Amino acid sequence: MSTILLNEKEITRAISRISHEILERNKGAENIALIGIRTRGVTVSNRLKQKINDIENADVAVGALDITLYRDDVGTGLQKPQLKKTEITFALEGKHVVLCDDVLFTGRTIRAAIDALMDFGRPASVQLAVLIDRGHRELPIRPDYVGKNIPTPKSKRVQVHLKEIDKEDKVIIIQEPEK
Amino acid sequence: MTETATLSHQDIITTKDLDANDIETILDTADSFKEISTRAIKKVPTLRGRTIINLFFEPSTRTRTSFEIAGKRLSADVINISGAGSSIVKGESLIDTAKNLEAMSPDILVVRHNCSGAPSLISEFVNCPVINAGDGMHEHPTQCLLDLLTIREHKGSLKGLKVSIVGDIAHSRVARSNIQAMQTMGMKVKVVAPPTLIPVEIEKMGVEVCYDLGQGIKDADVIMILRIQLERQNQGLLSSLREYSNYFCLTANHLANVSDDILIIHPGPVNRGIEISLDVLEGPRSLILNQVTNGVAVRMALFYLLLGESDANSN
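Same order as they appear, the protein sequences are chains A and B.
Each position in the first sequence, counted from 1, maps to that position plus 90 in my numbering.
Each position in the second sequence, counted from 1, maps to that position plus 17 in my numbering.
In short, the hints are calculated from the structure, not lab data.
The structure presented is a predicted model; accordingly, all values stated were derived computationally and were not measured.
Just so you know, not all the hints are guaranteed correct.
Under the rule of at most 25 Å between Cα atoms (straight-line distance), these lysine-lysine pairs were calculated in the BS3-like manner [as the list claims (entries may be wrong)]:
hint : chain 1 : residue 1 : chain 2 : residue 2
1    : A       : Lys175    : B       : Lys60
2    : B       : Lys235    : A       : Lys174
3    : B       : Lys51     : A       : Lys174
4    : A       : Lys175    : B       : Lys205
5    : B       : Lys205    : B       : Lys179
6    : B       : Lys89     : B       : Lys172
7    : A       : Lys174    : B       : Lys59
8    : A       : Lys174    : B       : Lys179
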């Protein structure tokens with residue numbers, strides 16, 4: 091059982107609006123860096139970069155962050171998340187960093203991402219852009235740029251599909267099967 | 018949707034236990050860990066509050082430091098115990114030492130011992146994972162994994178590569194670990210040494226044997242040079258070091274006849290001018306220091322995979 095929350099056009103419009111908001115709030119593209127949280131946050135950051143380039147003809151820095159090593163749900167299970175590469179090839183000092191992710195839920199991923207960023211340097215500010223905010227925060231974290239606010243029951247799953255990874259653009263909500 | 022990584026064994030004692038999937042998982046994870054060692058702040062909080070004990074009954078610079086750095090970069094507490102400064106000198110048995118360390122609840126034991134089988138024996142008496150950091154003439158699995166990571170980085174993939182292992186095969190735990198793992202990964206291994214340094218019936222491991230250095234490395238993609246173990250050369254296996262060096266020291270002359278992108282690796286420590294000449298050692302094809310760098314990443318990967326995080330889901 092799944093329902094479509096956003097289709098391809100709506101995702102494109104959301105990316106476009108967020109790009110404008112980022113530029114407006116930071117008064118241009120200077121000193122902006124987009125850092126995507128693996129996996130789909132990286133796709134979001136690449137799309138924002140492209141859009142910002144279309145609007146202002148400016149080439150903003152992008153990086154990719156794997157937050158696995160900073161997660162708070164440490165256990166001794168044998169199943170470990172597959173660690174992916176972190177690629178931040180520029181200095182963060184003086185940069186206005188926009189963290190990008192697909193879904194904002196508990197906020198724990200963002201907490202981990204902020205901790206990871208601070209190990210790389212001291213950015214001028216850190217802002218947060220997400221495609222979907224589905225509520226249910228467990229930490230005092232709020233997004234600066236939101237594609238769409240979608241109040242959801244905690245038991246349901248929100249999945250973002252993006253062409254670069256999933257061959258199509260859509261956001262769906264899934265009822266978890268009863269256990 | 019999170020991709021997960023799992024190893025088939027909780028102890029890393031022998032490369033025989035590692036299947037191709039395990040090896041790829043370890044190398045992929047290590048590859049991602051390399052970036053941490055290039056940061057200004059070389060530390061992540063992943064293993065905060067975990068305890069790793071390095072139990073080294075035999076001398077070591079590279080391996081012990083490498084395990085210690087790997088643990089510390091993951092924020093674990095690392096304790097080093099060496100044979101000479103421990104209660105071993107008072108006559109405590111290996112099993113008693115292991116049981117007493119176990120009573121202090123370590124999360125991982127790293128063991129090096131001059132007796133083959135010691136880490137395996139210890140693993141039977143403790144609950145935490147045990148990593149073999151070299152046992153006698155048996156195995157040295159983490160050295161093998163860092164060799165494979167170094168080779169894969171430069172060649173793209175491992176399958177089908179030809180490797181010539183040159184030197185004291187008979188006493189080498191590095192050779193044994195590598196022969197097994199390389200065959201698991203679909204590589205072809207040739208051993209090159211004087212007959213006295215090649216164990217009898219080594220053909221049964223599925224390797225080719227060659228007694229001439231020039232012939233032995235002719236069509237290789239990788240040359241692995243082993244250290245002549247000076248501490249074991251009083252058994253009459255070689256008439257003299259100088260004679261060995263005349264026939265088996267890898268020099269620039271040998272490299273004139275091989276492919277330009279051949280890789281040269283050596284597990285260290287190096288006897289300069291005995292198994293490898295100075296110009297080759299410091300030449301462009303030598304990856305010996307890359308191996309050391311990769312050693313830290315491989316050991317971080319093992320610590321992470323053996324006791325990292327659970328895969329609880331949170332957005």
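Structure-based check of each hint:
A distance of roughly 15 Å separates the Cα atoms of Lys175/A and Lys60/B; the hinted pair therefore holds under the 25 Å criterion. Distance hint between Lys235/B and Lys174/A is unfulfilled; the C-alpha atoms sit about 38 Å from each other, more than 25 Å. Among the hinted pairs, Lys51/B with Lys174/A is consistent with the structure: their alpha-carbon atoms are about 11 Å apart, no more than 25 Å. Restraint check for Lys175/A and Lys205/B: not satisfied, since their Cα atoms lie roughly 30 Å apart, outside the 25 Å limit.
The straight-line distance between the Cα atoms of Lys205/B and Lys179/B is roughly 5 Å, inside the 25 Å bound, and the hint therefore holds. Note on Lys89/B and Lys172/B: the hinted pairing is violated, with a Cα-Cα distance of about 30 Å set against a maximum of 25 Å. Restraint check: the Cα-Cα separation between Lys174/A and Lys59/B comes to about 17 Å, which is no more than 25 Å; the hinted pair holds. For the given pair, Lys174/A sits about 29 Å from Lys179/B by alpha-carbon distance, which is inconsistent with the 25 Å threshold.
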